[in-house]
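With chain Z fixed as given, assemble chain P onto it according to the hints.
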Amino acid sequence: MPAASLDIEGLSAGYGPTRILEDVSFSVPAGGRLAILGRNGMGKTTLFATIAGQTRRYDGRINLDEGDLSALSGPDRALRGLGYVPQSRAIFKSLTVEENLFVGLKSRPKSALEEAYAMFPRLAERRRNLGSQLSGGEQQMLTTARSILGQPTVLLLDEPLEGLAPVICDELMAAFLSLAETKAMTILLVEQRIKAALDFAESVLILERGRVAWSGTPAELEAQPETVDRLLGVGH
Amino acid sequence: MTTIFEVLNLSKRFGGLVVTNDVSLTLNKGDRVALIGPNGAGKTTFVNLVTGHLKPGAGTVRMDGVDVTADTPTKRVRAGLVRTFQVTRLFSEMMPEEHVALALLQREGRSGQMLTNYHFMPEIMSETYDILGVLGLRDVAKLPVSEIAYGQQRLLEIALAMALRPKVLLLDEPAAGVPHADTVLIEKALAQLPPDLAVLMIEHDMDFVFRFAQRVIVLAAGAIIFDGSPEAVANDPHVREAYLGSYADARSVA
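Protein chains in written order, with my numbering: chain Z, 1 to 236; chain P, 1 to 254.
The reader is advised that the hints may include incorrect statements.
Stated by the list, open to error - Straight-line Cα separation of at most 30 Å, DSSO-like style, residue types lysine-lysine; simulated pairs: (1) P:188 x P:29; (2) P:167 x P:55; (3) Z:93 x Z:106; (4) P:188 x Z:195; (5) P:55 x Z:93; (6) Z:106 x Z:183.
Don't read these hints as lab results, they were simulated from the structure. Note that the structure is a prediction, hence the values are computed from the model and not measured.
Looking at chain Z on its own, in the form it has when it is part of the complex:
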């Protein structure tokens, strides 16, 4: 399936009585690359979890290529093409690397595993090791590879570079760029490494206390150091 567009309209969500997201709206075209920035606790992870159907949505629509996903369960959203790489490195620790990757294949043939190993040669070396024997960075690679194997049309990446060696970060960002540029996937990226996120993205959205505080292009943001300082700087 080629990349899909994602249209978020008036999304509000939270945990029990605590509202985290308020009236968030944005659009990403098919094959687009959106970076979502913001300090910790501003709602970035909640936004992804809500799009993926893992957090309670109070209001709003989540349109994937015109179809509204918001009434569907998380697994049904995944079947419709939504991929989610959570921050928590959610691997199966009692399964081997290869068995973890099988989970991501959905109905694809086993030979597709080679795509994951080409992206992360380190996982090929560790294919018979249990998830519990992987380093933190290797777990991060496995989570990302498993999601990409399922060929999502829209991929949500929550801090995919955390714990990875600089050279792996370079390779991974190049791979993400290629997936979007070939229109294989639309990619939304939450990342603390602001420079890496701005180098990757076509458009940027900054969340502040659960609302969209700023949106524009990376070049526009880089031309506004006061915005960067106010919304992303220390101690605010």
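Below, chain P without anything else, positioned relative to chain Z:
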């Protein structure tokens, strides 16, 4: 320079996989050393081995000249070898003040008094706030951990380690998960640590590493492939290829 920590010919296998391969290194009092290397190189395993969380296949670990290789993790902590973890392990409902006070009571062998009111123990209160001050956490001392920024939670982990009076402090990715803009808080806090404390830090944020470290050790496939100055490591072709990638180019240009 006074040697405080020595690792001699440390090795470990997981089945057929050699995860630590004849590693030897020395830390002197006051050292600020970064341990870097590719994912799966064995950095956290090294920390687990020297702190007693894993048993080595061969090798010796010495603290202050004393062989601690057979000691339990707790005994090593009492000898001054203290670590932090990659992922925070805090009580979300408790305050930073309570975390540090409890660590101090534990250190003093007074954990039986944990349920009593430590506010009436002036020595505990005084040291608690001294430590929180060093880490820049006084302003949030009475907030539940769940309400403080993640960067401050990472600092609280270091505060807990400091409460154990380390002579050698091993920090496992202290900036992981912390917004880049906030790593400056961690850097500032580390700059306040006692000058004679030896600190070994695992970290992938290279800007942070190059500002912090006087010496960089590179581990790859379980073995040390480089041990030298930050300037030299950025120019080492093997390290550039195996680990630094474009960061080394950016640094050379800078």
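Evaluated hints:
no.: 1; hint: P:188 x P:29; result: holds (20 Å)
no.: 2; hint: P:167 x P:55; result: holds (22 Å)
no.: 3; hint: Z:93 x Z:106; result: holds (19 Å)
no.: 4; hint: P:188 x Z:195; result: holds (22 Å)
no.: 5; hint: P:55 x Z:93; result: holds (21 Å)
no.: 6; hint: Z:106 x Z:183; result: holds (21 Å)
Violated hints are absent here; each numbered hint is respected by the structure.
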